[in-house]
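Just need the whole structure built from these sequences, with the hints factored in.
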Amino acid sequence: MKNSITSKRRDVLKTMAGFAASLLVPKVVRGEKASAKPFDWADDSIHYDPHDHKWGMGVDIDKCIGCGRCANACKIENDVPKEPFFFRTWVERYEVHENGETTIDCPNGAVDGFEKKSGDDDVLRSFFVPKLCNHCENPPCVQVCPVGATYQSADGVVLVDADYCLGCRYCIQACPYGARFLHPVTRTAEKCTFCYHRIVRGEEPACVEACPTEARIFGELDQKASPLHRFKRMNHIGVLKPALNTEPKVFYANLDMEVK
Amino acid sequence: MEEIVQHLTPLLDQVTGYIYPNEIELHWGLLVVIYPYLTGLVAGAFILASLVKVFNVKELQPTYRLSLLTALAFIVIAPLPLLAHLGHPEKSFEIFLTPNVNSAMAMFGFVYAWYLMAVLLLELWFDFRQDLVTMANESKGFKRLFYRTISLFSKDLSEKAIAFDHKAVRVITIIGIPSAFLLHGYVGFLFGSIKANPWWSSVLIPIVFLFSAIVSGVALVILLYMVITPLRNKVVDMLCLDKLASYLFYIMIVDFSLEILDFIHRVYESEESISILASLVQNKLFSSLVIMQVLMGMILPLFTIAAVKTFKVPADLRKLLYFISAILVQVGIFSTRWNVVIGGQLFSKSFMGLTTYKMTFFGLEGLLVSIGLLIMPFIILWILIKILDPWRSEDAALSTPTTGQ
Amino acid sequence: MNNWISKIPEQIKLLAVVVTVIITAFLIVRPMLIPAGFGEQGHFRSGALNDAVAVQFKYAGKASCVECHDDMTDMLAGGYHKKLSCEVCHGPLAGHIDDPDENTPSFPRERTLCPVCHEYLSSRPTGFPQIVSQSHNSLKACISCHEPHDPVPPDVPSQCSACHGEISRSKAVSHHVDIECEFCHTTPELHKTSPRQYRPSKPQNREFCGQCHTKNSKHNTKAPRIDLATHETRYDCWQCHYPHLPEAR
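Protein chains in written order, with the working numbering: chain A, 1 to 260; chain B, 261 to 665; chain C, 666 to 914.
No incorrect hints appear here.
Take a look, some chain B residues computed to stay more than 10 Å from chain A by CB distance:
(1) VAL487
(2) ILE520
(3) ILE631
Each computed DSS-like pair below joins lysine-lysine, with the alpha-carbon atoms no more than 30 Å apart:
(4) LYS748(C) x LYS54(A)
(5) LYS748(C) x LYS727(C)
(6) LYS747(C) x LYS63(A)
(7) LYS678(C) x LYS420(B)
(8) LYS351(B) x LYS618(B)
(9) LYS805(C) x LYS117(A)
In short, the hints are calculated from the structure, not lab data.
Given the structure is predicted, the values throughout are model-derived calculations rather than measurements.
Glycine residues also receive a C-beta, built at the ideal position from the N, C-alpha and C atoms.
Put into structure tokens, the structure is as follows:
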């Protein structure tokens, strides 16, 4: 997935950070060895070890019909405030015009779908792009969180500990994708969890469940028997803002250069 | 909840182009503008003070203690706007419990604590120890106990001990200069290290922050010195004031050059973000950046001080011009902080649109609290001056004519 | 020894006491306040994982529906909506599993639901069945003609325009208005039931268009003529001219 030069450089950086850390913070707190022992869930019915999984999502832009059922289902499943300022996932409509300009719109995050736009006669090409947290392998939000309230679980899912979050919003500033928001009631950072409560119980995320055209594929990255593996084999794949080296784990098939 | 919705709904109409749906709420408001402004004043005032001790600039001696106390008064308030902007200020202690070593912000607590305790308080304590002991000896009752306590029950007034105080002050100042650089350069790094935001992400930002901090600190001490001295029925020392203005002038030139370099570099490299940034500067930031920050806050005072240096200007007019320049500089540096913090959030990270910041008046993040936070350091400074009486020995020296220089 | 201590300036001794008190207090208090389990799984509170999974399901998932409603899901499995999850139309129904009588599904019958997916939008992928609801039996509910669990047109479409409305509308205002779809496309019968799997044919070469448009064609005399041998020979006709609206520039 990543080439050896970048991973080597990251090792060097990790070593350096580790050295700096050893000067400042006791070992227990640093959690250097993310222990290999399976996590002891409070809910006994869960038999899920984060160390055995690596989750990702595939999004086929050519299959997205812009119905917004994913955005709608996400709001319901995760009790996301209904107001049009808070989204864990949303769908954008792109229209590339003949004069080279691109217009994007996303009325209410596409929770109610899209309506025909007037004056789209000069459109060269047009398509929908579902967006969500990219669960970056190299997440800038986790890097900047001052207290360890946003973190990457062993399965690669980036989560927020609402109980521990200060609400400093540095993570919101650091996310290049606009995937985070401050929950208006709890005053803590919030974002897509890949429906963590569902995936630990063997269910798919709500947006994937709700997608009528299989434009969203959820699955394991490190296993061959995974719909995501085939998705990555059969399509030309792009990720959002690759130059920022965040290494997203949301993979887009048929991604257009105009997608921001 | 309803309040937030009422606040955000009208903003939807003011978006031009496309912004990501979560970007309508601007997260770092006026309070986060004030935070780097205040810390900048701290670092600037301290570096001015250190000129006296480390580089032995004798002309600035009258402002030495004033600068140090100013730094203290402002650093006490500096974390308050940060605290007030948190969603959960009551959890802020977690930053000391489980600091994430990869997070620039996590280091804030440590940098701040180091600077406050190991540098400022320590230097002030050594510098004022002799006075504190004397004042304790001269007073009675509660006052005596108070001075005793803050002198940490020190009593030694021997020549050797006082010589040690002087030596300690010098050593701490030498440590203090890099610490002050660290404090404010670090604040710049908080913004400069955000790769998602092209307006912030620049290696120059920490250095620009640092020099603008010194500029604002020196200008503040000029203002305070010019206001407080007449209040004490003393005469402003023109040698000192001219020297302060000179330092202000030279540092402003460095600061301005760095800002221009940053500007030219961005325009010349002309990266993906250049069109949205250009539109940001031409629309949303035109008055606060081009007019307030550059013309009023930088070019006008630079020309004024340059004119004063070139032509023979009578002392009274000189004072007036310095005073006006220092106020303009404050306005300019405040605009700098505004343009960095607010400006960096007025464009979408999709680079496809601009949004708006609507300031509130009431509430924790409103204008009222911010004005309060800007006034508080001056009240604290007044209290510190009352308690510590920084010009004690100076006044005593003047009242006994036999003690000449 | 005593001599050595007395040589230390008073100030240092006092400050040493203060510093020791502060650091000791920090070192004692800090471990007491760090939440349990912090750092066990990484630099975060392990309990946060339990919080993350404590969310109540709202969507039960199609697998749960199958358990009782296999008649409906069987019907679904044979049609175009086979990949559709029941809860997309009937609403989130996790509560229905716990108490089927209390939490009942919604049965939307309005004309507003289906167009969320099937209204014609130029941004939707070509080939996805779309209608313009204003002109498509505008007073009838969708389900009066279409069974949503096995949605096929009331009788297998006799006209291409039923699904390819945008093309038929373009063609209607073009010079090609009188040319039937079948003139250029041969359409396998199975395309009507499995449109993506069985595709209609498309013209293969320049000579096809040349039937009418070459200078010595014997067809329709009004059609613009070109010399096939010299006119932009590297390209196929449809690389420059859109066949459904050939006058568009």
